[in-house]
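*Asks:* Below are the chains, spelled out letter by letter.
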Amino acid sequence: MAKMYHKEKSIQLKSSASALYNNLSVLRIAPRCLTYFTVVHANVVNMVSASWDGLNYSHRQLQSKEGNVATSSSLIMQAAWCVLPSRDLLVLTSQKGIQMYESDGSIMVYWHALDTPETPTAKAVFARGIAAVREKYICVGVSSGSVLVFDVPSKGSNITLSEVLEEHKEAITDMASECSGNLECIADLVSADDSGLLCVWKSGEDFQLLNKIPGFDTSCSSVKLWKGTVIAGYGTGQIRLYEGVTGILHAEVNAHARWIYSLDIAPFTGLLISAAEDSWVRVWHLSLTPETNSVEIEHMYNECVTDTQICGAKFCDGDGYAFAVTGYDLSEIIRYTQA
Amino acid sequence: MARRITSPSRSSTSASDWLLLAVTWQPREGLQTLIYSAGSSESADRGFLLTTCDCLPILAALHPSPERMSTRTLPLLFINLGGEMLYILDQRLRAQNIPADKAKKVTTVADWLEEDRKRVMNDIITTMFNKKFLEELFKPQELYSKKALRTVFDRLAHASIMRLNQASMDKLYDLMTMAFKYQVLLCPRPKDILLVSFNHMDAIRDFVKDTPSILSQVDETNKQLIEIYTPLSGGEFQLIRQTLLIFFQDMHIRVSIFLKDKVQNSNGRFVLPTSGPVPYGTHTPGLIRLFSCSGEEVRRMQFRDCGNYSAALREGSFEMYGDRVIKLGTNMYSVSRPVETHMSGTSKNSSQHTKVNTTPNPLAKEELNLLARLMGGLEVQKSANTDSGFRVNLFATDEEEEEALISRPDELSYEVINIQATKDKQTNAELAKIMGEFGETGEPAPSSSSKGDDLLAMMDGL
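From first to last, the protein sequence lines stand for chains L and C. Heads up, the first sequence is in the numbering used here, so the first residue is 1 and it goes up one at a time. Heads up, the second sequence is in the numbering used here, so the first residue is 1 and it goes up one at a time.
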């Protein structure tokens, strides 16, 4: 049986990837035949721009910021691109706050400082979980459980904090917006936290909580929302598929032998990729049958990244033709394409 | 004795305003010099306080830097690294226990008697579990920098009559850190880091089981660990684990015993098996279950996971005593398995070795820590004479030890902070620059005794 994917040439990074959830973000820029990648290393974000012909690579490093200081040693928890209709922004979340840059990382357009206590408290303070919602919102999670909703104008730096959603009691781990492009979907955003609780939201002037799906005391480290279905990856290695609005459990997969660190969906084909500390990257296929309101998941492919705890895995395109992987202590982005 | 140089505008003497900048230690004199700065990093007020180690004021709060994610990581880091250090020292001390008639190098390596070995272990463990020290350790705070932590362990290793040369100390620290990195990486669940810590604590308890006073200190600490850590969630433990992994990032020193056991590859990276029991709470991969809208299971399927996993073992005990089940954190050294590290070729990408603190001004930015000071303040060696005290060599021969020191690659050197604060300001440009900003009042601290006027004089003599 032919392998579904084969390994391509890796992209070298300036520094290794840190062990953080969802530690890889990919932005495909079709008009320029480029793909951008970001990988977090402690207080630095490594950005690589790769031309599709594989000949040109350029690197840039962004640093965390705090207060009036341009560079900081505070750790970055996550970096991700937010794709809005009018613009793409690169968002960095750290222990000190939230930084937003133009998509190529050249200019910082916005800085939001978190309320950090004078002396360290037992509970750590940080921002984590990034999602672009509908036309103009960027949502970011916080360790207290709050979700910050930022209103983003079509250009310029007049970004404002429009709302703070307080439903979660534990630290936010990841957030995802509906990625199918289907405007009829009611649910726009799902947020996940360390207790495994999933909150499903509808965006607007005031975000509306549509549903709360309780966790089972296991952290949900990565989450996706596709055609109204919530796909959640847990610390136990399980993947669960829920219908967002109703909370109905459609499927449960004992997918990995260790903590899941990253999930991604290819919206055009329904391919799902999961990656965990167990060194495995697995590709699945989701199929939805609206008539019967059923969701099915089947396993497609396995790839073992030997001796590596994977911390990021993302599709490089909407069909899932190619995907990229990062691992703890690894200074490269490993790429695979369909054979 | 404290000679305070303060800026005229600063009147506060509140201990919590003092920020420890640097520490120097002159072992022969049993001297320690600490340089404090008043005020937070935002405040312009600065001042200095030079003092000997045994008359320090009430604990000065530390401004945490550099930052790390979880604020509860330091105790675990310290206890586990300390535990590994004790395993290694215990093994070396036993290995050097050569009967007098069989010793080949009686003149260069002291003969270790059973009593001496126990004494060294007891001294170190007593220091490690000092009450005041642990109080400070357990406060929520950011992790120390690698330099700072290394200094703490330097101090700890010398908290007895045992002496270690630079090369041996470097090697000891390499082994300790790689061992704990291995344990953190291979922990099945993040919460198992606590079981690893308990394994170390159990072994430490065994080392001092004949000395009730030290044993009770260890037990107290164990109780504290249980109290603080057992309520934490899996997600919080994962954060601690991620913090530790950032601390250990890019360290690929090859350790002989790991290479032999095939748990480490020749490129310095650890082997992560895709087989064996899954963590407690996880199912073995393979099952897919599909449900109907009413919640009934309508189908189950198996997928090929390509691993060789088996069901989870029972959960280890989080009580004071109990079977921890996990073997990580137990003593893997024995007299017949010597500990060696390979210094060459740590990683093909050694050029990508990231510097930990890329700060331009080490004095201003590098904040050493209260713990190092506290450790230095505890009863250290009785005799200042380097002739007394037993030297321990972590290498097979003295020649090897010397060779190791010379050939140690630059990127692996641990820069233990060592600043000479002398009367002659020009000898230290950095310090001079900072000190130059302030007026010198030269008044002694109110709580000082008359001893140590010779502090600076002594240091001038070095």
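Among the hints, erroneous ones may be present.
[Claimed, not checked] Below are the DSS-like pairs computed for lysine-lysine, each with C-alpha atoms no more than 30 Å apart in a straight line:
#1 C:146 with L:123
#2 C:262 with L:123
#3 C:262 with L:7
#4 L:202 with C:132
#5 C:139 with L:169
Treat the hints as calculated values from the structure; they're not laboratory data.
*Asks:* Any hints this thing doesn't respect? Which numbers, in order?
*Replies:* 2, 4
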